[in-house]
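Asker: As a plain string of letters, each chain reads:
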Amino acid sequence: MGSHSEIIEAGAPPEPHHMDSTTAYHAAKLGMWLFLATEILLFAALFAAFALYHWWYFDEFHHASEKLDWRLGALNTAVLLFSSYTAAVAVYAAQIGDNKRIVKNFGISVACGLIFLIIKAVEYSGKYAKGYFPGTDLWSDPNFAQSYKNYFGIYYCLTGLHALHVIIGMSVMIWVITKARKNRFSGRYYTPVELGALYWHLVDLIWIYLFPLLYLIG
Amino acid sequence: MGGHQVVPDANGHLKENNYLNCDKSIKSWLLTLDHKRIAILYLVSILSFFFVGGISALIMRSHLAMPQAQVISPDLYNALFTLHGVLMIFLFIVPGIPATMGNFLLPLMIGAKDVAFPRLNLFSYYIYVVGALIGFVAIINPVWLIDYLQGMAQGVWNPLDTGWTFYTPYSTSTGAGEGWGVILMTFAAFVLGFSSILTGLNFIVTIHKLRAPGMNWMRLPVLVWGLYATSVIQTLATPVVGITLILLIVERVLGIGIFDPAKGGDPVLYQHFFWFYSHPVVYIMVLPAFGVVGEIIPVMSRKPIFGYKAVVFASIGIAAVAFIVWAHHMFTSGMSAFSAAIFSALTFGVAVPTAVKVFNWVSTMYKGSIRFDSAMLYAMAFVFLFMIAGTTGVYLAVLGVDIYYHDTYFVVAHFHYTIQGGAVIGLIAALHFWFPKMFGKFYNEGWAKFSFWLLFFGFNLTFLPQFVLGMEGMPRRYYDYLPEFSSMHQLSTVGAFFNGLGYTLALLNLTTSAIWGKRLAPSNPYNSLGLEWQCPSPPPHDNFITPPVVTSGSYDYGYPIEERSKA
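Same order as they appear, the protein sequences are chains A and B.
Here the working numbering is used: position 61 in the first sequence is 61, and no number is missing along the way.
Here the working numbering is used: position 82 in the second sequence is 82, and no number is missing along the way.
For the record, the hints were derived by calculation from the structure and aren't laboratory data.
Some hints here could point you the wrong way.
As the list claims (entries may be wrong) - No more than 30 Å apart at the CA atoms, straight line, and that leaves these computed lysine-lysine pairs for DSS-like:
1. B:Lys303 <-> B:Lys263
2. A:Lys67 <-> B:Lys367
3. B:Lys27 <-> B:Lys518
4. B:Lys263 <-> A:Lys130
5. A:Lys127 <-> B:Lys441
6. B:Lys518 <-> B:Lys15
7. A:Lys100 <-> A:Lys179
8. A:Lys120 <-> A:Lys130
9. B:Lys263 <-> A:Lys120
10. A:Lys104 <-> A:Lys179
11. B:Lys441 <-> B:Lys15
12. A:Lys29 <-> B:Lys113
13. B:Lys518 <-> B:Lys24
14. B:Lys367 <-> B:Lys263
15. B:Lys113 <-> B:Lys367
16. B:Lys441 <-> B:Lys518
17. B:Lys309 <-> B:Lys367
18. B:Lys27 <-> B:Lys303
19. B:Lys303 <-> B:Lys113
20. A:Lys179 <-> B:Lys303
21. B:Lys27 <-> A:Lys179
Let the sequences and hints guide you as you build the complete structure.
Answerer: Structure representation (C-alpha cells):
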C-alpha cells in the first residue's frame, strides 16, 4: 500500500497488493451481486408486510390506492426505464474506452433520477395537501380509517426507501462521472462503471415491482 | 510494507517485521488494512463487551440467589437482562468467531495475502464501533443523563427494558429512555447488522476468488466451510431484521401501524420478521465454532477428519435449514396450529446435519493418538455440551413440550448450552489453539487447563439446575421467585461465579502471555498440515514468504507424504 498506487496511467486498472487486476474485477462484481441480494432482502420484508395487509384490509387498500395518480406512476416508470437504458449504454461505452460517452450517458441517467424524484415530490405534496400524510389534521382525526393509514404507511415506507436508493444510485453515478472526466476507464478497467450501472438497474427493477403493486392492483 | 526484510529463525519464529511489530504507530493500527490487525481490533472490542455482559449476568445471578432478595430494583433487573442480551448477542457473539478468528485465519487458510476487500473490512470494523457507541448511548439513557448532569433529573432512571428481542407492542409503546431507548437501540442493531453483512460478503468473495493454486473446494479446511456457510446466512438474513428494526422506528416516530395492534398492525408479523433473522443468527454463532472444533480434533488426534464431505455438506445443510425453521420460536404466539406443526417437523430436520457433525468428531477421535492440550479439552467440552444443547433442542421442537417449556428457564438453559457451551467455548478453544500463530508465543498450559476445568464445572453448575427449574415451571426474565425454587437458583448462582472466574483466568492467561510471554512459538507447534501453520509465527504483513501452492488435503494425517490426497 503506498503512494505508487496514486500515480496511474490513464485507463490502467489499479493494482491492489493482494491480487491481480483480473481477479479484482471478478471479485468486485461478485461482491456487487451479493450486495444486490441483500438489497432485495431488505425490500422483501416490506413486500411481505404489504401482501399481509393487502389481504387483511382488502377493500380499504383498494380505495386508498385509488388516491394515487397512476399516470404519474407510469411516467416515473418510463423515466426510470429510459435511465436504465442509458446506464447500460454507459457500460458499453466504458468497454470500448469512450470516457466522453460514459459522462454523457450516466449524466442522462442522473438527470432521469432527478426527474423521478421531482415527480415523486409532487405526488407526496399532493398527498400532504389532501391530508394523507402523517402529522396532518386529517391523519390525526380518530375517524380517519386506521387501515388507510396502514396503506399509506407502507406506501411511504416502500417509496421512501426506494427514493433513498435512487439518491444513492445517483451519487454513485456522479462519482463515476468525475472519474470518467479524468479518462480513468478503458477496456482494461471499467469496474466502477459496471457496478454503478448494476446498482442503478436494481433501483429500476424494484420500482418496476412497486408501480403495479401500489398504483394498479391496489 | 514491501521494504521490510522477513527472516524467520530456524523454527519459523519471526521476531522482527511480523504483522504485530512491522509498524508500531497507533495510526498504523487504527487505519490498518491488514486482516490480522483488524482481527486483533475486533478481538479486543468483543472481549471487552463480553466482560461487561458477563458482569451484568453476575449481578442478576447474585440478585436471584435468594427469593425476595430485592438486591436490585425491578427496573434495574429488567435493564440488566436487556443489557446482557443485547451485548452478548449483537456486540459479542454475532461478530464473535468470524470477525476475530475468521478475519485472522481465512486468508491464511486459503493461502491468500488478505481478504478480497481490505478497505471494506476496516470499514466493517468502524461500523461496528459506531453501532456499539449508539447502543451504549441507548442503554444509559442520554436524556436522563443530561438532566442529571444539569442537576434537574426528574423521577427515576428509566432505562431500556424490552429484552434483546424488542417485541411489539411493548417496544412501540414503552417510554423507556424517554421514548428514545428503543429507537436508539434498534438503530444500533441496524448499524451493527450492516457490519455483519459486509463481513459476510467480504468472506464469500474471498473464498470464491482468492484461493491459492491447488486449494480446490474439496480441500478447503472445514473452518473455511463453516465461515462460508456463516457468511451466506449473514448476507441473506441480516437485511430482513435491518428493515424490521427500521420499520419499528418509523412506527414509533410517524405513528404508522405496522406491528402495533392498536394501530392496525400485526405483532405476530414482527415476530416472524425478527426470527427470520434471529433464528439463523444462532447458526451464525455456532457454525464457525463447528469449524474450529473440526480443525482442532484431527490435529490433536493425528487422524484425517472422519467423513470430510459429510462435514462440509452438513455445514451447508444447516445453513439451508436455518432459513425455514424460524417460527419454532413462536409456537405460543397465536399463529395457526397448522403452520406450527409444519415448523415443528422442519425443526426436527436441524438435528440430522448437526448429529452428522457430532458423529464425525467422535469418529475422528476414535483410535487416534489424542493429545489432551487445553485447546483439545475445549474442543471435547464443546462436543459434550453441544450434545446436551442439541438434544434439549429436539425436546423444544416438539409442539406439546414447547407449549409447556416456552419462556421458562428450560429454554434459557438450552440456548446457553448452545451459545455459551457451543459458540463461546468454540471461540475460547480457537484462541488457545491458534494463539502460538497469532502472537508467536506460548501461554501457560497449566493455567489454561486449570481455568478450563473451573469454567467447565462452573458452566454446568450454572445451567444444569436451570433445566430443572424450567421443568418445574420457573418462567424466564422474572425478578423474583417462589421459595421452592431456591435451592436450584442458589446452585446456579454459585456456578455462575465459578464460570465467570474460569473465563477471567483463561483470558488473563492469554493476555499476559501475549504481552509478557517469554516462550517463543515455532511456526508449526502441532505438526499440523493446515496451510495457516506453514507461514512464520507471527505471520509477516503479507502472510506467506513465497506464495503457497497446495498439493494435498488439510487432514491427511497418518499417510506417507506421497500418498496424501490420492483420493
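Asker: The structure should be examined with respect to each hint, and the outcome stated for every one.
Answerer: Here's how the hints hold up against the structure:
1. For the suggested pair Lys303 of chain B and Lys263 of chain B, the alpha carbons sit about 61 Å apart, so the restraint of at most 30 Å is broken.
2. Under the criterion of a C-alpha separation no larger than 30 Å, the hint pairing Lys67 of chain A with Lys367 of chain B is inconsistent with the structure, at around 75 Å.
3. In summary, the hint linking Lys27 of chain B to Lys518 of chain B is supported, as the alpha carbons are separated by about 27 Å, within the 30 Å threshold.
4. At most 30 Å may separate the alpha-carbon atoms for a hinted pair to count; Lys263 of chain B and Lys130 of chain A meet this at roughly 21 Å.
5. The straight-line distance between the Cα atoms of Lys127 of chain A and Lys441 of chain B is roughly 67 Å, outside the 30 Å bound, and the hint therefore fails.
6. The straight-line distance between the Cα atoms of Lys518 of chain B and Lys15 of chain B is roughly 12 Å, inside the 30 Å bound, and the hint therefore holds.
7. Distance hint between Lys100 of chain A and Lys179 of chain A is fulfilled; the C-alpha atoms sit about 11 Å from each other, no more than 30 Å.
8. For the hint linking Lys120 of chain A to Lys130 of chain A, the alpha-carbon distance of about 16 Å falls within 30 Å, and the restraint holds.
9. Between Lys263 of chain B and Lys120 of chain A the CA atoms are separated by roughly 26 Å; this keeps the pair inside 30 Å, and the hint holds.
10. Between the alpha carbons of Lys104 of chain A and Lys179 of chain A the distance comes to roughly 13 Å, so the proposed pair stays at or under 30 Å and holds.
11. For the proposed pair Lys441 of chain B and Lys15 of chain B, the alpha carbon gap of about 10 Å is at most 30 Å, so the pair holds.
12. With a CA separation close to 20 Å, the supplied pair Lys29 of chain A and Lys113 of chain B stays within the 30 Å bound.
13. Of the supplied pair hints, the one linking Lys518 of chain B and Lys24 of chain B holds, its CA atoms being roughly 20 Å apart against a limit of 30 Å.
14. Proposed proximity of Lys367 of chain B and Lys263 of chain B is contradicted: the alpha carbons are some 64 Å apart, above 30 Å.
15. Among the hinted pairs, Lys113 of chain B with Lys367 of chain B is inconsistent with the structure: their alpha-carbon atoms are about 37 Å apart, more than 30 Å.
16. Taken as a hint, the Lys441 of chain B and Lys518 of chain B pair is honoured in the structure, with Cα atoms around 7 Å apart against an allowance of 30 Å.
17. For the hint linking Lys309 of chain B to Lys367 of chain B, the alpha-carbon distance of about 21 Å falls within 30 Å, and the restraint holds.
18. The hinted pair formed by Lys27 of chain B and Lys303 of chain B fails the criterion: a straight-line CA distance of about 44 Å is larger than 30 Å.
19. With a C-alpha separation of about 29 Å, the suggested pair Lys303 of chain B and Lys113 of chain B falls inside the 30 Å cut-off, and the hint holds.
20. Taking the CA atoms of Lys179 of chain A and Lys303 of chain B, the gap is about 55 Å. The hint is violated against a cut of 30 Å.
21. Simply put, Lys27 of chain B and Lys179 of chain A have alpha-carbon atoms about 29 Å apart, close enough for the 30 Å limit, and the pair holds.
Hint compliance for this structure: hints 1, 2, 5, 14, 15, 18, 20 are not met, and every other hint is.
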